[in-house]
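S.K.: This is what each chain is made of:
Protein chains: 2
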Amino acid sequence: MLEAAASLDEIRALLSHLPDPDLEAGTAAALRERELTKPAGALGRLEELAQWLATWQGRHPPRLDHPRTAVFAGNHGVAARGVSAYPAAVTAQMVENFVAGGAAVNQLCRVVDADLRVYEMNLDQPTADIVDAPAMSEEECARAVAYGMMAIEPGLDVVALGEMGIGNTTAAAALSLALFGGTAEDWTGRGTGVAGDALDRKCAAVAAAVARHRDAAADPLDLLRRLGGHELAAVAGAVLAARMGRVPVLLDGFAATAAAAVLFAIDPRALDHCVVAHVSAEQAHRRLIERLGKRALFNLDMRLGEASGATLAIGILKAAVACHTGMATFSDAGVSGPA
Amino acid sequence: MLEAAASLDEIRALLSHLPDPDLEAGTAAALRERELTKPAGALGRLEELAQWLATWQGRHPPRLDHPRTAVFAGNHGVAARGVSAYPAAVTAQMVENFVAGGAAVNQLCRVVDADLRVYEMNLDQPTADIVDAPAMSEEECARAVAYGMMAIEPGLDVVALGEMGIGNTTAAAALSLALFGGTAEDWTGRGTGVAGDALDRKCAAVAAAVARHRDAAADPLDLLRRLGGHELAAVAGAVLAARMGRVPVLLDGFAATAAAAVLFAIDPRALDHCVVAHVSAEQAHRRLIERLGKRALFNLDMRLGEASGATLAIGILKAAVACHTGMATFSDAGVSGPA
Numbered sequence: 049m050l051e052a053a054a055s056l057d058e059i060r061a062l063l064s065h066l067p068d069p070d071l072e073a074g075t076a077a078a079l080r081e082r083e084l085t086k087p088a089g090a091l092g093r094l095e096e097l098a099q100w101l102a103t104w105q106g107r108h109p110p111r112l113d114h115p116r117t118a119v120f121a122g123n124h125g126v127a128a129r130g131v132s133a134y135p136a137a138v139t140a141q142m143v144e145n146f147v148a149g150g151a152a153v154n155q156l157c158r159v160v161d162a163d164l165r166v167y168e169m170n171l172d173q174p175t176a177d178i179v180d181a182p183a184m185s186e187e188e189c190a191r192a193v194a195y196g197m198m199a200i201e202p203g204l205d206v207v208a209l210g211e212m213g214i215g216n217t218t219a220a221a222a223l224s225l226a227l228f229g230g231t232a233e234d235w236t237g238r239g240t241g242v243a244g245d246a247l248d249r250k251c252a253a254v255a256a257a258v259a260r261h262r263d264a265a266a267d268p269l270d271l272l273r274r275l276g277g278h279e280l281a282a283v284a285g286a287v288l289a290a291r292m293g294r295v296p297v298l299l300d301g302f303a304a305t306a307a308a309a310v311l312f313a314i315d316p317r318a319l320d321h322c323v324v325a326h327v328s329a330e331q332a333h334r335r336l337i338e339r340l341g342k343r344a345l346f347n348l349d350m351r352l353g354e355a356s357g358a359t360l361a362i363g364i365l366k367a368a369v370a371c372h373t374g375m376a377t378f379s380d381a382g383v384s385g386p387a
Numbered sequence: 049m050l051e052a053a054a055s056l057d058e059i060r061a062l063l064s065h066l067p068d069p070d071l072e073a074g075t076a077a078a079l080r081e082r083e084l085t086k087p088a089g090a091l092g093r094l095e096e097l098a099q100w101l102a103t104w105q106g107r108h109p110p111r112l113d114h115p116r117t118a119v120f121a122g123n124h125g126v127a128a129r130g131v132s133a134y135p136a137a138v139t140a141q142m143v144e145n146f147v148a149g150g151a152a153v154n155q156l157c158r159v160v161d162a163d164l165r166v167y168e169m170n171l172d173q174p175t176a177d178i179v180d181a182p183a184m185s186e187e188e189c190a191r192a193v194a195y196g197m198m199a200i201e202p203g204l205d206v207v208a209l210g211e212m213g214i215g216n217t218t219a220a221a222a223l224s225l226a227l228f229g230g231t232a233e234d235w236t237g238r239g240t241g242v243a244g245d246a247l248d249r250k251c252a253a254v255a256a257a258v259a260r261h262r263d264a265a266a267d268p269l270d271l272l273r274r275l276g277g278h279e280l281a282a283v284a285g286a287v288l289a290a291r292m293g294r295v296p297v298l299l300d301g302f303a304a305t306a307a308a309a310v311l312f313a314i315d316p317r318a319l320d321h322c323v324v325a326h327v328s329a330e331q332a333h334r335r336l337i338e339r340l341g342k343r344a345l346f347n348l349d350m351r352l353g354e355a356s357g358a359t360l361a362i363g364i365l366k367a368a369v370a371c372h373t374g375m376a377t378f379s380d381a382g383v384s385g386p387a
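From first to last, the protein sequence lines stand for chains A and B. Going from the first sequence to our numbering is simple: count from 1 and add 48. Going from the second sequence to our numbering is simple: count from 1 and add 48.
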């Protein structure tokens, strides 16, 4: 991996040229919804989703023929502190499981007919332990961001972004704490299932890492470099490239949303093309979603990562587009309007 | 329609012989979930759904190859009181729209690959106005229940139940008030979009209907006959037949859930094979779901009826079954368990 190169300054430059919403396409979607054979607003968020897709695909009608799920996998030096219920070797084992088709996200992609891409990011070279040092050098971070950008190709109608990485809810918690404040307890949760002493260790690692890198607090991209990880930087890159390429984004759980939050901290408009798919059972996700001013589509108590919730949400988007484009209008169907 | 015949006493007899859950199949599902390549419980309600399907299909693994959506349509004498934003003629017009493929539920069935059946129930013979008289005779009600039972055929893996009927949230509100108590205001909502004077009229009709039939309050099936409607009786029949035939049920919105609640009022175990698909934006639905001790799968602010929410939920069930049956186990995949 990491063939692509960019500098963090180039990434900052992109962020200063974010494409605006296509209000014409969005308005066309809103007008069509009013004509369809249902009481106004009766499809609720499905109507909002159709309008959102049109707005950020920049076309009406919106399409959902080519959805992609992208899962970025990376390893974390901080995992050596025993912050996860699983050993770090599981990251690579799960990547093999993705490739072999045995993971949850494989089955979910089959159900919603999404193209699955798994991006393995230097798994034998974990980031540095964020309690002691910056996770990545500037160059490493920029390359990881650029690598994530490569997941966005022309012709995609939506991308569901997720991650896999033993230790990465620790990184996500540290990043969230540094970006949004509060306490380490606010942002530290059970992750893969830690409890007791392990949860205490995780919380202490989050607090120590943020204290170690507090001088960087004014620069979200520098926080990503210092507290994030390869896969989190890649998610941020994919979110940014999707905005540039007019591909709407479904964000998965806590780690993926924390990665995207880096862009929000730079410019609150930077995630307007993103919908948070679900509220993870990882408790900090709800707090993070609120900080982003978002409302998740559903809450099924999922806490798996690997883009599982975001992939499930592709099915909801398909439903939204199918209703929007396939329903008859009142005049087509000869159905009376309100009396 | 209404070829089938049964008496309300025969229906009562069925209710005294409800099949029990298949705990062996459910346990087999729970045990398999523990072996799959994810932290325990990380798929949240998807795991619960796999177990619920196994329990009520009476087999492990559960299957979801043959989902059906059944929509029952009926007309209501109380509609003449101006309790809906739409004229009663819209019920038949919407049935034509279902047949022509132009309604929301048609598109949703296409997305989740469900077989759609629409049951038109004597649309030219609305029920009596419940403010003045019982909606149906004993024979009419029993026939409508029996007609609903016919929607359940061998080989179905799940059935999503919904309704269409101008005026039927008024009937559902009256039924809910009579079954569960409270005030007419508690159970009366905007339906297709009524407000102001029309909402006041609707609320008054609900209160008057329940007062008119208060002597029947001890007998839920008699309340269904007096306050319900053809399509609501059919939903109750379909729920009951599904239980007898080991077909798990997805309940749609307020009207469909109110119809099912009649069975709950007779025996609280009668809906154990049912999941409420979504929380409707019709405010009384949330209250009703709580009374049933259920937790809906999602809330997308939908308020359309016609089994739209329940059909969307079929996609979630498919995801649950795909993960349950398709994922690798830790030992298959060579993934390490917790450290």
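Treat the hints as calculated values from the structure; they're not laboratory data. Quantities reported herein were computed from a predicted structural model and do not represent experimental measurements. Careful: at least some of the hints might be erroneous.
Rough simulated footprint, nothing fancy, chain B against chain A, three-plus residues with beta-carbon under 8 angstroms [claimed, not checked]:
#, stretch
1, 125-135
2, 138-147
3, 190-199
4, 207-213
5, 349-357
6, 360-371
7, 377-386
Residues on chain B that point at chain A, a partial pick, calculated with CB under 7 angstroms [stated by the list, open to error]:
#, residue
8, Val147
9, Gly150
10, Gly374
Heads up, the beta-carbon is just placed ideally off N, CA and C, and yes, glycines get one too.
S.K.: Indicate, hint by hint, whether the structure satisfies it.
M.R.: Hints versus structure:
1. 125-135: It holds, with 5 qualifying residues against the three required.
2. 138-147: holds (count 5)
3. 190-199: violated (count 0)
4. 207-213: violated (count 0)
5. 349-357: Holds: 5 residues of the stretch 349-357 of chain A have a Cβ under 8 angstroms from chain B.
6. 360-371: Satisfied; 7 residues make the cut.
7. 377-386: holds (count 7)
8. Val147: Interface hint status for Val147(B): violated (10 angstroms vs cutoff 7 angstroms).
9. Gly150: Gly150(B) check passes; min Cβ-Cβ to chain A is 3 angstroms, inside 7 angstroms.
10. Gly374: The hint holds - Gly374(B) has a Cβ within 7 angstroms of chain A, the shortest such distance being about 4 angstroms.
Consistency with the previously given hints fails for numbers 3, 4, 8, ordered from lowest to highest.
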